[in-house]
Amino acid sequence: MTLAAAERWVEEPLRHFIDDARVRRTLLLHGSGRVLAQHGFARSADVMSACALAAAIRASAGELGRMLDGRPFVELHHAGEGDQLYLAEVPTPRGPHVLLAGFGAESSLGLVRLYRAELAERLAGAAPAAEAAPQALPEDFEVDLNRNLAVLFGRA
Amino acid sequence: MRTTFRPVLTTLTRHRGVVGSMVVGESDGIIVEAALHVGVAGDVVAALAASLYRKARRSSSAAGFGAVGFLTLEAEHGRLCVIGRGGLVLVAVADRSANVGLLRADMVGALEALA
Chain A
98 MTLAAAERWV EEPLRHFIDD ARVRRTLLLH GSGRVLAQHG FARSADVMSA CALAAAIRAS
158 AGELGRMLDG RPFVELHHAG EGDQLYLAEV PTPRGPHVLL AGFGAESSLG LVRLYRAELA
218 ERLAGAAPAA EAAPQALPED FEVDLNRNLA VLFGRA
Chain B
1237 MRTTFRPVLT TLTRHRGVVG SMVVGESDGI IVEAALHVGV AGDVVAALAA SLYRKARRSS
1297 SAAGFGAVGF LTLEAEHGRL CVIGRGGLVL VAVADRSANV GLLRADMVGA LEALA
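Sequence lines, in order, name chains A and B. All you need for our numbering is the position in the first sequence, starting with 1, plus 97. All you need for our numbering is the position in the second sequence, starting with 1, plus 1236.
FYI, nobody ran anything at the bench for these hints, they're computed from the structure. Heads up, some of the hints might be wrong.
As the list claims (entries may be wrong) - Computed footprint of chain A on chain B, listed as stretches where at least three residues anywhere in the stretch have a Cβ under 8 Å from a Cβ of chain A: (1) 1244-1254; (2) 1275-1282.
Claimed, not checked - Listed next, the in silico DMTMM-like pairs over lysine to aspartate or glutamate satisfying Cα-Cα at most 25 Å (straight line): (3) B/1291 / B/1331; (4) B/1291 / A/117; (5) B/1291 / A/178.
No residue lacks a Cβ here, since even glycine has one placed at the ideal position from N, Cα and C.
In isolation and in its complexed conformation, chain B is listed as follows (with noise of 0.2 Å):
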């Protein structure tokens, strides 16, 4: 089944080194639409990074620092990018060529696709 996530999706798996993305309930870790290169482990990562952005927001709401904007983990061999709004996180997979300043204008500007 397709949803209107689907154009987004699509524009963020096209940026270079973006190998998946996924809207996801930010309270449950299900993936509510996904766009996946194969091998990529979409229920895990799923999971995993709605819990790393539920518990970034809760820690800057602890710090006073406000609502999360976006959230990038850089690893070894690749970043998570995510952004959220409405109970549902926007996650990008990809490897260390993607270019994060794109990737996140376009995630940002996704945003109202969430809503």
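The shape of chain A in the complex, shown without the other chains (with noise of 0.2 Å):
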């Protein structure tokens, strides 16, 4: 499965994490549930349901963290019976993002947090300097999302 990205600097860090920690699904994601790359999904479609769910359920981890702890969870993991899961804030010069990892047996939650960890440090390496962040603006959602995932399944 090839990695599909929105938007280039995402790029290089992502491939090394994939490679690196042997994920089988990755996504990164704005906070706000654009998406930015996408590696291993078929269909736009699953990509837009895991991202919303990926935000909604970061979003929630941060209350519910802020309720008990009073900070934000920034980690989760899901460890079904083959498949497992990871959400995890990544914090970057552009804001914070979200990263969605799906692994198997050929990995491990511990590689997958230590990848986490370089591909922060990648991605703050890679995020260009003069660009200001852009802005998550409700309105201009739908529009944002709908162009990244054209341009993660080749219809832009």
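Using the hints, put the two standalone chains together into the complex.
Okay, here's the thing in structure tokens:
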């Protein structure tokens, strides 16, 4: 499965992450749910659903963390029978992004966490410095999402 | 929180040249309990050592060699010693001055604690 990125600067750091952490599926999205890159998904509808769910889960976990621990939970892990799911916030110079990774027996939570930290470092190094981070405005959300999905699935 | 692994880790960390020891989940690479000197990147070593052990176990099985015994990685500036049982791996991080023979004996003896 190939990696497709809507923004070039995330491509190389993500490629390293995918190779090193041996994840089966990956999504990198803006905190609002706007997808930036995908790997391992065959249909744009699946990416759209996964992004919406990931953003919602992150928001819920963040609030839950604030209630219980005074600060948001930034990492979530679910161990299924076969596949496992890892959802984490990745700080970047362009604001917090969300990483959703699915992996199996060929990887482990420890490895995925380890390479998530490296991904954050690589993203920090790769982020365009001069360009201001785009604001995620509610009125633009659907347009941005559809544009990025079209780029990721070769319809742009 | 201290677990039943603490005496094992304390014993290993008392060896000359050992800078850390950990009990790590084999499948997830997460530390269960650790005794580490300052500066040892426990999370990183745990994740990679568990991955190494998992792969060694699978390689050994694929080659028809049976279960993995004691695994050592010798590097320019140190050694990583790993032994596993029951889904847990015991990891010792040592510099070149460590006596691997003694360390191995204590790690093999500590396998009971992992079961």
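Let me make sure I understand: some of the numbered hints might not hold for this structure. Which ones are they, in numerical order? Per hint list: single violation, 1.
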